[in-house]
Amino acid sequence: MKFEAPVAVTEIAAMIGAALEGNHQLMASGINEIHKVQEGDISFVDFEKYYDKALNSAATIIIINKKVACPAGKALLVTDDPFSAYVSLVKHFRPFEPSSKPISDTAVIGEDTIIQPNVFIGNHVRIGSNCLIHPNVTIYDHTVIGDNVIIHAGTVIGADAFYFKKRKERAVMYDKMESCGRVIIESDVEIGAGCTIDKGVSGDTIIGQGTKLDNMIHIGHGTVIGRNCLFAAQVGIGGKARIEDNVILWGQVGVSKDLVIGKDAVVLAQSGVPSSLEGGKTYFGSPVEDARNKMKELNWIKRIPELWEKVMNK
Amino acid sequence: MKFEAPVAVTEIAAMIGAALEGNHQLMASGINEIHKVQEGDISFVDFEKYYDKALNSAATIIIINKKVACPAGKALLVTDDPFSAYVSLVKHFRPFEPSSKPISDTAVIGEDTIIQPNVFIGNHVRIGSNCLIHPNVTIYDHTVIGDNVIIHAGTVIGADAFYFKKRKERAVMYDKMESCGRVIIESDVEIGAGCTIDKGVSGDTIIGQGTKLDNMIHIGHGTVIGRNCLFAAQVGIGGKARIEDNVILWGQVGVSKDLVIGKDAVVLAQSGVPSSLEGGKTYFGSPVEDARNKMKELNWIKRIPELWEKVMNK
Amino acid sequence: MKFEAPVAVTEIAAMIGAALEGNHQLMASGINEIHKVQEGDISFVDFEKYYDKALNSAATIIIINKKVACPAGKALLVTDDPFSAYVSLVKHFRPFEPSSKPISDTAVIGEDTIIQPNVFIGNHVRIGSNCLIHPNVTIYDHTVIGDNVIIHAGTVIGADAFYFKKRKERAVMYDKMESCGRVIIESDVEIGAGCTIDKGVSGDTIIGQGTKLDNMIHIGHGTVIGRNCLFAAQVGIGGKARIEDNVILWGQVGVSKDLVIGKDAVVLAQSGVPSSLEGGKTYFGSPVEDARNKMKELNWIKRIPELWEKVMNK
Numbered sequence: 001m002k003f004e005a006p007v008a009v010t011e012i013a014a015m016i017g018a019a020l021e022g023n024h025q026l027m028a029s030g031i032n033e034i035h036k037v038q039e040g041d042i043s044f045v046d047f048e049k050y051y052d053k054a055l056n057s058a059a060t061i062i063i064i065n066k067k068v069a070c071p072a073g074k075a076l077l078v079t080d081d082p083f084s085a086y087v088s089l090v091k092h093f094r095p096f097e098p099s100s101k102p103i104s105d106t107a108v109i110g111e112d113t114i115i116q117p118n119v120f121i122g123n124h125v126r127i128g129s130n131c132l133i134h135p136n137v138t139i140y141d142h143t144v145i146g147d148n149v150i151i152h153a154g155t156v157i158g159a160d161a162f163y164f165k166k167r168k169e170r171a172v173m174y175d176k177m178e179s180c181g182r183v184i185i186e187s188d189v190e191i192g193a194g195c196t197i198d199k200g201v202s203g204d205t206i207i208g209q210g211t212k213l214d215n216m217i218h219i220g221h222g223t224v225i226g227r228n229c230l231f232a233a234q235v236g237i238g239g240k241a242r243i244e245d246n247v248i249l250w251g252q253v254g255v256s257k258d259l260v261i262g263k264d265a266v267v268l269a270q271s272g273v274p275s276s277l278e279g280g281k282t283y284f285g286s287p288v289e290d291a292r293n294k295m296k297e298l299n300w301i302k303r304i305p306e307l308w309e310k311v312m313n314k
Numbered sequence: 001m002k003f004e005a006p007v008a009v010t011e012i013a014a015m016i017g018a019a020l021e022g023n024h025q026l027m028a029s030g031i032n033e034i035h036k037v038q039e040g041d042i043s044f045v046d047f048e049k050y051y052d053k054a055l056n057s058a059a060t061i062i063i064i065n066k067k068v069a070c071p072a073g074k075a076l077l078v079t080d081d082p083f084s085a086y087v088s089l090v091k092h093f094r095p096f097e098p099s100s101k102p103i104s105d106t107a108v109i110g111e112d113t114i115i116q117p118n119v120f121i122g123n124h125v126r127i128g129s130n131c132l133i134h135p136n137v138t139i140y141d142h143t144v145i146g147d148n149v150i151i152h153a154g155t156v157i158g159a160d161a162f163y164f165k166k167r168k169e170r171a172v173m174y175d176k177m178e179s180c181g182r183v184i185i186e187s188d189v190e191i192g193a194g195c196t197i198d199k200g201v202s203g204d205t206i207i208g209q210g211t212k213l214d215n216m217i218h219i220g221h222g223t224v225i226g227r228n229c230l231f232a233a234q235v236g237i238g239g240k241a242r243i244e245d246n247v248i249l250w251g252q253v254g255v256s257k258d259l260v261i262g263k264d265a266v267v268l269a270q271s272g273v274p275s276s277l278e279g280g281k282t283y284f285g286s287p288v289e290d291a292r293n294k295m296k297e298l299n300w301i302k303r304i305p306e307l308w309e310k311v312m313n314k
Numbered sequence: 001m002k003f004e005a006p007v008a009v010t011e012i013a014a015m016i017g018a019a020l021e022g023n024h025q026l027m028a029s030g031i032n033e034i035h036k037v038q039e040g041d042i043s044f045v046d047f048e049k050y051y052d053k054a055l056n057s058a059a060t061i062i063i064i065n066k067k068v069a070c071p072a073g074k075a076l077l078v079t080d081d082p083f084s085a086y087v088s089l090v091k092h093f094r095p096f097e098p099s100s101k102p103i104s105d106t107a108v109i110g111e112d113t114i115i116q117p118n119v120f121i122g123n124h125v126r127i128g129s130n131c132l133i134h135p136n137v138t139i140y141d142h143t144v145i146g147d148n149v150i151i152h153a154g155t156v157i158g159a160d161a162f163y164f165k166k167r168k169e170r171a172v173m174y175d176k177m178e179s180c181g182r183v184i185i186e187s188d189v190e191i192g193a194g195c196t197i198d199k200g201v202s203g204d205t206i207i208g209q210g211t212k213l214d215n216m217i218h219i220g221h222g223t224v225i226g227r228n229c230l231f232a233a234q235v236g237i238g239g240k241a242r243i244e245d246n247v248i249l250w251g252q253v254g255v256s257k258d259l260v261i262g263k264d265a266v267v268l269a270q271s272g273v274p275s276s277l278e279g280g281k282t283y284f285g286s287p288v289e290d291a292r293n294k295m296k297e298l299n300w301i302k303r304i305p306e307l308w309e310k311v312m313n314k
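Chains as they are written, first to last, in the numbering used here: chain A, 1 to 314; chain B, 1 to 314; chain C, 1 to 314.
Since the hints were made in silico from the structure, they are not lab data.
Take these hints with a grain of salt, some might be off.
Copies of the same chain are indistinguishable here, so a pair counts whether it falls within one copy or spans any two.
EDC-like, lysine to aspartate or glutamate: derived pairs with alpha carbons at most 16 Å apart [stated by the list, open to error]:
id, residue 1, residue 2
1, K49, E21
2, K101, E309
3, K66, E21
4, K67, D81
5, K2, D204
6, K176, D258
7, K166, D264
8, K257, E111
9, K166, D245
10, K66, E48
11, K168, D245
No experiment lies behind these values; they were computed from the predicted model shown.
Looking at chain A on its own, in the form it has when it is part of the complex (with noise of 0.2 Å):
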């Protein structure tokens, strides 16, 4: 997430209440975690292990929970707590903002488009011209949707990340990562019935062009999806994968987070995505396997009574 305006790496540092060491003269652009983000960003690390993975990083600015060298050129906000200072700059920054009607006054819809009654759509959505948005839809806050999208009923885009820091000592276990992201749905999209589309944490949740999602599809946050896939029914995405163009998956297949699925891949029903699949070949199984290598596993595993026979019979 990019700031509207660049913000003092001082002023960052009094917010939070944080030794700042290194270069005071900075300014921060924007807040990301560590994996989306760029120069001039503000990223936080709580972990030694991580250390310098955080500090080589693009951040600008590193919020840590030890005062280390500071990487020339670079600023550091040293506090007990990097977790907390950096969800209470998103929640400074972009703040939830309650919606007093269906239908916020900063949503911008452009021409021909058809909102059907119930639809929820929040503050700061765009959405473009010629889209159709059916009963019951929920939009949240700061969605970019594109030209000639159709979401069907009930469909929720834009919910948080489902992301939080384990804090062992805690009766409440799970301290949750507040999401600033968004999601993009670009145009020619449709989506289908009983969908959830969730935000980024910081960065952003892109449904390509032409791609079409059949109902009760589950995308996780941050997840990048390509032109032209085609999901079927009770599909459900992890978080962070990239699914590039012309993807297949077909009903109920599930997908891990952090990983690539190559172009043209086709994945058949209800198999299930550890990892990242080469393009241009078709998979099946839980764990998901070459199809057609599947097959003939599920062939041999027939065959154990024979091969039994064969041994007890030698």
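Once you have looked at the hints, place chains B and C on chain A.
Only chains B and C this time, still in chain A's reference frame:
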């Protein structure tokens, strides 16, 4: 879908700019995709390998992309792009009618039926008597619901079929088939919360009398479900399946499209049904098998290490 | 479910037209199906094989379809159809109250709780302070929600139990058990978008403090979930399960009814849990096994061709 009154084939030809071959006197009684076509209907075909099927089907008027010999008593409408011509007819005869309020004035609702707040009921919907429609339900145009039906919150009845024509040569590859079918829910059906039941492409999706659906069940376009079926939560059924009476599907079962599950069949949880199943039996697995055979198979798998030992020590 | 004030057993007998046997002085304190019954409660039994269980249960008043010896200090209500008699009592003491507006005047909502537009809140609902209820959420009557609870859009809390009595002899075969239980969501819970959490048949469905649910999760009637559990998207849990503290269920896991998952258990994605699991372990597969054993098994399957070779060449 049937027209309200027959339409002259000459008028249809003019609408879609097609060359008319064969019987010019015909009146079209409706429009149907090839799987649902009846005498008097218009249908379409755009692949040579399906020409014979289409020409020999019940369809009286066939939109086709090549001039061929017209079967006696029928008419051909020759045009470059039969799919688009067909879609334009669907849009003409079953245009989308935006709703300006949550419950359409053209909806007919029976005595003693309770409609809870925040429900959407579209145009030309018919709901019988003594029904209970819980909050945030969406009922699309033309849906027909019997008596004593309960629909729980958040359920969506009658969203569009998930059905596209692939146009490899286009940047936006999937071309939407407009659906003109309906959903018909017979009497004494109960539908859980968060379900989605899609309308047929041109025919009807039917939920038979006394069938009970748990939560988050997806029923694809044109699927016909018998009487007294029982489906547990998160079941998904593809398009144009036929599920006979008394079928029981346990949780998270996935059923593919275009198949039949016979009367009294039981499919155990998480199974995947890729093709038709005989009635009266119990099934398990993905892909599904006779449940007892599948259980034996799972036992055989556990004996592989024992078999390995035997072979090694012989 | 407990009555607001005790009701004389003679009055109950008159209501359902039953013959009263045993102690005529008793006062009934509530009504509960057999799994939830407490002293003072009315319950019912209609199969001879369950008579002993019902008569020896905590129930003080038993609706039964045959005159048998009445246990000391109890009362029997003898009637031909105990199920229907029981359902009629549920309807009498917990009648469905239609809502004329989206947020009932009898709902009590705590300080600093934000209710977004298009939310439905039923009668006698209690919501604590500092909660955030997103748009298009449905909260059925009698639901109880603690403090600091977040519920994302489209979620449905408190729909009816999926629970029917089979009447083979009737054309409409499944007879609805009316539910009079509630859903209780403890403090600090977050529930994702598009979830469904059903009320108990007569007891309560409980989501324990600090538990976090991702999107599209189904929780069946009367299921009790401990503290600090973490369930990923599209998990489904059947009725009357007990999930202890700190359990983690990954995406699309299915859990059967009437079982226990022990504290600190982890169940990997797409697994199916047919029966109780010991705590503190990691599980995988459908049906589920110890994850390491399951992984070994998957490796053994891959070695079948090698084993075949060995046998053939010996």
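Hints, verified against the model:
1. Taking CA atoms no more than 16 Å apart as the test, K49 paired with E21 passes in neither setting, with 20 Å inside one copy and 73 Å between copies.
2. In this homomeric assembly, K101 and E309 never come within 16 Å of each other (Cα to Cα): the closest approach is 72 Å inside a single copy and 71 Å across copies.
3. In this homomeric assembly, K66 and E21 come within 16 Å of each other (Cα to Cα) only inside a single copy, at 11 Å, whereas the closest approach across copies is 76 Å.
4. Taking the shortest alpha-carbon separations for K67 and D81, only the intra-copy value of 13 Å comes in at or below 16 Å, while the best inter-copy value is 69 Å.
5. Proximity of K2 to D204 under the C-alpha cut-off of 16 Å is restricted to the intra-copy arrangement: shortest distance 11 Å within a copy versus 45 Å between copies.
6. For a Cα distance limit of 16 Å, the shortest separation of K176 from D258 qualifies neither inside one copy, at 20 Å, nor across copies, at 31 Å.
7. Proximity of K166 and D264 under a CA criterion of 16 Å is satisfied inter-copy only: 14 Å between copies versus 37 Å inside one chain copy.
8. Proximity of K257 and E111 under a CA criterion of 16 Å is satisfied in neither setting, with 37 Å inside one chain copy and 37 Å between copies.
9. In this assembly of identical chains, K166 and D245 lie within 16 Å of each other by CA distance solely across copies; the values are 14 Å between and 35 Å within a copy.
10. In this assembly of identical chains, K66 and E48 lie within 16 Å of each other by CA distance solely inside one copy; the values are 9 Å within and 70 Å between copies.
11. Within a single copy, K168 and D245 get their C-alpha atoms only as close as 41 Å, which misses the 16 Å cut-off; across copies the closest is 13 Å, which meets it.
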